[in-house]
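Asker: Chains as they are written, first to last, in the numbering used here: chain Y, 195 to 309; chain R, 195 to 310.
Read the hints as simulated data drawn from the structure, not as lab findings.
One should not assume that every hint holds.
As the list claims (entries may be wrong) - Looking from chain Y toward chain R, a few residues come up when the C-beta cut is under 10 Å (computed): (1) Pro235; (2) Leu239; (3) Arg257; (4) Asn261.
What the hints assert, rightly or not - Heads up, simulated DSS-like pairs for lysine-lysine below, C-alpha to C-alpha not over 30 Å straight-line: (5) Y:Lys210 x Y:Lys296; (6) Y:Lys197 x R:Lys208; (7) R:Lys251 x Y:Lys210; (8) Y:Lys264 x R:Lys208; (9) R:Lys208 x Y:Lys210; (10) Y:Lys264 x R:Lys203; (11) Y:Lys264 x R:Lys265; (12) R:Lys265 x Y:Lys232; (13) Y:Lys210 x Y:Lys232.
Just so it is clear, CB atoms sit at the ideal spot from N, CA and C, and this is done for glycine as well.
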Amino acid sequence: AQKVTQAQTEISVVEKEDVTLDCVYETRDTTYYLFWYKQPPSGELVFLIRRNSFDEQNEISGRYSWNFQKSTSSFNFTITASQVVDSAVYFCALIDTGTASKLTFGTGTRLQVTL
Amino acid sequence: NAGVTQTPKFQVLKTGQSMTLQCAQDMNHNSMYWYRQDPGMGLRLIYYSASEGTTDKGEVPNGYNVSRLNKREFSLRLESAAPSQTSVYFCASSLHRDSSYNSPLHFGNGTRLTVT
């Protein structure tokens, strides 16, 4: 069975600090996809990134970067120079080919960025 | 582009009442989903519809029914609401089920349901 663990329930940082959100996953499949979603205080879910299991290249998008390591089954998300607008709940999610219709979410990490 | 539209945004029910949550997407997606979000539990899949005319149970289907009315619309019905169904409900869609891992789910803005 697939599982996603986000051990950090809540993180508080001061603006301009860097912060890393951890995500550890479990799956028996060799083909799978990992996602990060952002849920700002307004409540909607915003897609941030998708990564497939065959592509271990790290990705950077502006202040956001993702570190995918199959050896440790982790897909961590780093925000550089955090801003107040980054305050949100962040969800890591996994889908594999065995359960293609069932995106499994972690429990989320609430990030609070203060001035 | 509206994307995925859910109605209502808020609802309060008394135990035993019934109601239907509506969801519509205008992206010509084939697959649609209903999730519930509870504190400390992330999002859990209730039901999904891989294509028009088909529906399947997700992780937490008990107490719910769904109808894929057409390609655009996927409704979630609570026949006899219980306090345990107090939650935020999200509808989502994706282009294809079999490639849903290859394309992200698009979510609606959610319905906050309280059952007293």
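Asker: Give a verdict on every hint.
Answerer: To see whether the hints hold, each was checked on the structure:
no.: 1; hint: Pro235; result: 12 Å, violated
no.: 2; hint: Leu239; result: 4 Å, holds
no.: 3; hint: Arg257; result: 20 Å, violated
no.: 4; hint: Asn261; result: 20 Å, violated
no.: 5; hint: Y:Lys210 x Y:Lys296; result: 36 Å, violated
no.: 6; hint: Y:Lys197 x R:Lys208; result: 34 Å, violated
no.: 7; hint: R:Lys251 x Y:Lys210; result: 44 Å, violated
no.: 8; hint: Y:Lys264 x R:Lys208; result: 48 Å, violated
no.: 9; hint: R:Lys208 x Y:Lys210; result: 46 Å, violated
no.: 10; hint: Y:Lys264 x R:Lys203; result: 40 Å, violated
no.: 11; hint: Y:Lys264 x R:Lys265; result: 37 Å, violated
no.: 12; hint: R:Lys265 x Y:Lys232; result: 27 Å, holds
no.: 13; hint: Y:Lys210 x Y:Lys232; result: 19 Å, holds
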